[in-house]
Amino acid sequence: MREIYLDNSATTQVSEKTIEKAVELMRQKYGNPSSLHAKGLEAQNEVENARKIIAKTLNCDQTEIYFTSGGTEANNLAVFGAAKAMKKRGNKIVTTAIEHSSVYESLKELENSGFEVVYLKPDIFGMVTKEQFMEEIDENTILVTVMMVNNEVGSILPVDQIRECIDLKKSPALFHVDAVQAFGKMPINISKIKPDLLSLSSHKIHGPKGVGALFKSKSKRIYPRAFGGEQQDKVRPGTESAPLIAALGVAVSEIDIESNYKKVLELRNYLVKKLNGISEITLNSGPDSLPYIVNFSVENIKAETMLHFLASHNIYVSGGSACAKGKASRVLKKLGIPDERVTSSIRVSFSKYNSKEDIDALIEGLLDGIKSLVKIKE
Amino acid sequence: MKEIILIKIGEIVLKGLNRKNFEDKLIKNIKRKISPLGEFEIKNQQSTITLIPKNDDIDFDDVCYKISKIFGIAAFSRAAICEKEMSTIKETAREYLYKRLKTSKTFKVESKRSDKKFSLKSPQISADVGEYILEKFNNLTVDVHNPDIIITVEIRDSFAYIRGESLPGAGGIPVGTGGKAAVLISGGIDSPVASFMIAKRGVDLVAIHFASPPYTSPRAEEKVKLLIEKVSSFANRIELIIVPFTKIQEEIKRGCPDELFTIIMRRFMMRISEVIAKNHQCFALITGESLGQVASQTIEAIACTDPATSMPVFRPLIGMDKDEIVLISRKIETFDISILPYEDCCTVFTPKHPKTKPVLSAVVEAESKLSLEGLINDAILNIKSQIIYG
Numbered sequence: 001m002r003e004i005y006l007d008n009s010a011t012t013q014v015s016e017k018t019i020e021k022a023v024e025l026m027r028q029k030y031g032n033p034s035s036l037h038a039k040g041l042e043a044q045n046e047v048e049n050a051r052k053i054i055a056k057t058l059n060c061d062q063t064e065i066y067f068t069s070g071g072t073e074a075n076n077l078a079v080f081g082a083a084k085a086m087k088k089r090g091n092k093i094v095t096t097a098i099e100h101s102s103v104y105e106s107l108k109e110l111e112n113s114g115f116e117v118v119y120l121k122p123d124i125f126g127m128v129t130k131e132q133f134m135e136e137i138d139e140n141t142i143l144v145t146v147m148m149v150n151n152e153v154g155s156i157l158p159v160d161q162i163r164e165c166i167d168l169k170k171s172p173a174l175f176h177v178d179a180v181q182a183f184g185k186m187p188i189n190i191s192k193i194k195p196d197l198l199s200l201s202s203h204k205i206h207g208p209k210g211v212g213a214l215f216k217s218k219s220k221r222i223y224p225r226a227f228g229g230e231q232q233d234k235v236r237p238g239t240e241s242a243p244l245i246a247a248l249g250v251a252v253s254e255i256d257i258e259s260n261y262k263k264v265l266e267l268r269n270y271l272v273k274k275l276n277g278i279s280e281i282t283l284n285s286g287p288d289s290l291p292y293i294v295n296f297s298v299e300n301i302k303a304e305t306m307l308h309f310l311a312s313h314n315i316y317v318s319g320g321s322a323c324a325k326g327k328a329s330r331v332l333k334k335l336g337i338p339d340e341r342v343t344s345s346i347r348v349s350f351s352k353y354n355s356k357e358d359i360d361a362l363i364e365g366l367l368d369g370i371k372s373l374v375k376i377k378e
Numbered sequence: 001m002k003e004i005i006l007i008k009i010g011e012i013v014l015k016g017l018n019r020k021n022f023e024d025k026l027i028k029n030i031k032r033k034i035s036p037l038g039e040f041e042i043k044n045q046q047s048t049i050t051l052i053p054k055n056d057d058i059d060f061d062d063v064c065y066k067i068s069k070i071f072g073i074a075a076f077s078r079a080a081i082c083e084k085e086m087s088t089i090k091e092t093a094r095e096y097l098y099k100r101l102k103t104s105k106t107f108k109v110e111s112k113r114s115d116k117k118f119s120l121k122s123p124q125i126s127a128d129v130g131e132y133i134l135e136k137f138n139n140l141t142v143d144v145h146n147p148d149i150i151i152t153v154e155i156r157d158s159f160a161y162i163r164g165e166s167l168p169g170a171g172g173i174p175v176g177t178g179g180k181a182a183v184l185i186s187g188g189i190d191s192p193v194a195s196f197m198i199a200k201r202g203v204d205l206v207a208i209h210f211a212s213p214p215y216t217s218p219r220a221e222e223k224v225k226l227l228i229e230k231v232s233s234f235a236n237r238i239e240l241i242i243v244p245f246t247k248i249q250e251e252i253k254r255g256c257p258d259e260l261f262t263i264i265m266r267r268f269m270m271r272i273s274e275v276i277a278k279n280h281q282c283f284a285l286i287t288g289e290s291l292g293q294v295a296s297q298t299i300e301a302i303a304c305t306d307p308a309t310s311m312p313v314f315r316p317l318i319g320m321d322k323d324e325i326v327l328i329s330r331k332i333e334t335f336d337i338s339i340l341p342y343e344d345c346c347t348v349f350t351p352k353h354p355k356t357k358p359v360l361s362a363v364v365e366a367e368s369k370l371s372l373e374g375l376i377n378d379a380i381l382n383i384k385s386q387i388i389y390g
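Keeping their order, the protein sequence lines are chains A and B. Going by the working numbering, the first residue of the first sequence is number 1, and it counts up by one from there. Going by the working numbering, the first residue of the second sequence is number 1, and it counts up by one from there.
Rather than coming from a laboratory, the hints here were simulated on the basis of the structure. Warning: the hint list may mix true and false statements.
[To be verified] The calculated EDC-like cross-link candidates involving lysine to aspartate or glutamate, where the alpha carbons are at most 20 Å apart (straight line), are:
(1) B:K253 / A:D368
(2) B:K200 / B:E41
(3) A:K375 / B:E131
(4) A:K209 / A:E340
(5) B:K352 / A:E20
(6) A:K375 / B:D57
(7) B:K105 / B:E83
(8) A:K375 / B:E259
(9) A:K375 / B:D24
(10) B:K253 / A:E299
(11) B:K247 / A:D368
(12) B:K352 / A:E299
(13) B:K253 / A:E20
(14) A:K371 / B:E131
(15) B:K352 / A:D233
(16) A:K371 / B:D24
[Stated by the list, open to error] Computed beta-carbon distance windows for the label pairs:
(17) B:D62 / A:L367: 25 to 33 Å
(18) B:I339 / A:E340: 19 to 27 Å
(19) A:N276 / B:A303: 31 to 39 Å
(20) B:D378 / A:R27: 51 to 59 Å
(21) B:R254 / A:K262: 39 to 47 Å
(22) A:G336 / B:K322: 53 to 61 Å
(23) A:M26 / B:E324: 46 to 54 Å
(24) B:Y389 / A:E254: 55 to 63 Å
(25) A:K84 / B:T106: 39 to 47 Å
(26) A:E3 / B:E259: 51 to 59 Å
(27) B:I339 / A:G238: 49 to 57 Å
[Said to hold, decoys possible] Cβ-to-Cβ under 7 Å is the rule here; a few derived chain B residues that face chain A:
(28) E23
(29) K25
(30) F137
(31) A211
(32) P213
(33) E250
Just so it is clear, CB atoms sit at the ideal spot from N, CA and C, and this is done for glycine as well.
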């Protein structure tokens with residue numbers, strides 16, 4: 001049976017060239033990037049090359065890229081590092097109620113240590129407006145942290161309008177963008193968004209797991225989370241994982257945002273048209289969401305049941321967010337989606353490797369499931 | 001310094017003529033559990049089993065951990081073994097128990113002499129060793145009534161043993177001396193605890209798990225395997241039998257009143273388990289039910305479930321509170337596995353308003369619309385089984 005992988009927001013298939021690069025570094029260029037000899041330099045050059053590729057894509061200086069162990073670490077470093085560096089300037093943090101758990105749980109922790117965190121409420125499609133930010137950001141605000149694309153419904157948040165709010169309100173706040181789901185799927189221009197911090201991850205863009213990066217504006221300071229050697233200006237010490245970093249560089253260089261977007265948009269439109277024809281299905285993603293993510297609910301069938309049913313047909317999707325391991329989605333609840341639709345919500349997420357045939361197979365699987373599975377309420 | 005382990009056997013000393021069987025079984029169980037850790041000579045004399053390591057590199061902490069989980073053992077202790085010479089005995093006692101002696105305030109020495117040819121009598125041995133220890137540790141005084149530590153010196157035929165206090169064993173009866181029973185295991189907190197309690201009474205186990213893919217997750221099955229592994233570390237190897245339950249649950253959901261779903265489901269489980277149990281030479285079924293815990297565990301509900309089988313059903317948790325059950329599940333290390341959040345067959349179709357006081361005749365009436373025999377045979381034909389070792 002052909003494998004149909006439609007869970008690309010959880011993780012993606014690693015590209016061949018990316019694998020080759022990682023293997024090349026592990027096999028031949030295995031030096032420590034900090035070592036002074038030629039073997040070290042060889043590895044350092046690979047790390048710096050990856051830094052250059054990412055900096056060019058984001059339109060920033062390469063000294064502003066710090067490699068981490070992934071999106072979660074980048075988000076933690078940004079949130080805690082900013083809060084600690086800024087705590088003398090104020091006490092308030094502004095965010096949205098639908099952030100990824102790596103930001104959300106970090107903020108909960110900061111609340112315990114005395115910070116006031118304002119969670120802006122999204123509309124039903126996961127949108128938060130510039131006006132809402134305007135209302136909350138003030139002179140006491142030290143951090144604004146916002147995701148660029150929501151990982152469960154794909155809503156695109158107005159990150160390019162937030163710098164303006166911070167400036168208008170004369171707030172000292174550092175501005176962090178969690179771009180894990182956006183990076184590589186839509187253009188991200190640092191000089192346009194003007195964030196102080198921006199997180200990204202490798203394994204969402206056909207790179208290996210275990211590596212990510214944080215952009216940090218060179219004019220801003222954050223407090224480190226880990227202490228050790230001199231690597232990466234001590235912002236993130238520790239021997240760089242050169243094989244994974246070099247592989248991330250390759251993954252980034254392989255991205256063609258525009259042509260992938262065009263392809264995925266077509267797939268999304270095709271899928272949505274088909275889903276709209278099934279009376280038991282309700283879309284949760286809004287019309288203006290990123291086409292890579294389509295979230296919908298299947299009436300009276302628990303997400304986990306449908307997920308396992310589809311998996312038995314070799315079709316892989318997600319129920320809510322993979323990080324929540326079976327718990328009902330906090331994000332969907334926050335959007336105001338009724339409970340029974342939350343527990344039956346399925347997330348389909350695309351990559352450039354998907355095709356119309358994949359969607360046909362998915363639709364067939366869904367219809368089969370709707371017909372044969374026992375409903376919660378009959 | 002050479003160490004050995006002394007094991008005091010429990011309740012089985014009471015078992016009259018059967019005693020030999022029980023002891024043999026216990027020794028067999030001990031051998032099986034410790035053989036991966038190294039080679040031992042095992043002696044059995046006067047209600048004490050002695051484990052003497054044949055090589056020096058055996059980790060005694062590991063051995064003690066394994067021993068602490070074997071049923072049929074009342075208590076056990078580690079002992080140092082040395083030449084039967086008073087100066088050696090005294091020095092060994094000082095060295096072997098140094099840490100405990102250094103941190104205690106009071107002590108006492110007890111001696112036993114099974115080698116009656118030894119030059120000193122027990123009280124003299126105790127006095128001699130006590131004097132030496134007093135001399136070496138100025139933090140210690142003698143207290144014969146309530147000492148912090150008791151040093152026991154045993155003079156045996158070829159060696160002397162020196163030990164500190166003994167550790168509690170797992171109690172119970174050696175597994176395998178009490179026949180075999182089949183436990184219904186869902187993945188929750190209760191059934192592993194019920195399994196543990198019956199294994200403690202010497203019973204070998206077969207585990208039966210009902211799986212309903214795609215309503216239940218393949219991870220629920222993995223979870224059950226982990227749970228059985230933990231239980232099996234107290235018992236012998238356990239055969240896990242997985243029963244395909246999807247069709248039956250779908251038929252009940254479609255064909256029977258929603259409020260009777262759980263009762264009818266449990267009656268199916270009992271019937272299927274009885275067939276499997278008999279095929280595996282089991283004499284009873286075991287469940288983790290606790291009276292009143294959920295709708296299907298009220299006295300009325302159990303009265304409706306029980307008639308589905310002619311086998312005895314053991315419910316060792318019947319009178320326990322959840323807190324008490326959780327306490328045991330933490331002790332046997334199943335709690336953290338049990339709370340992993342995967343759907344299992346018991347939660348997936350739970351009706352919103354189950355009947356807490358079902359009436360048997362109504363249940364039988366509702367069931368009669370289903371093809372009981374066909375469904376049960378179908379499920380039994382398609383069971384999968386595997387052996388799990390703890």
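(request) Return the numbers of the hints above that this structure violates; sort them in rising order. (result) 2, 3, 4, 5, 6, 7, 9, 13, 14, 15, 16, 17, 19, 22, 24, 25, 26, 27, 28, 29, 30 and 31
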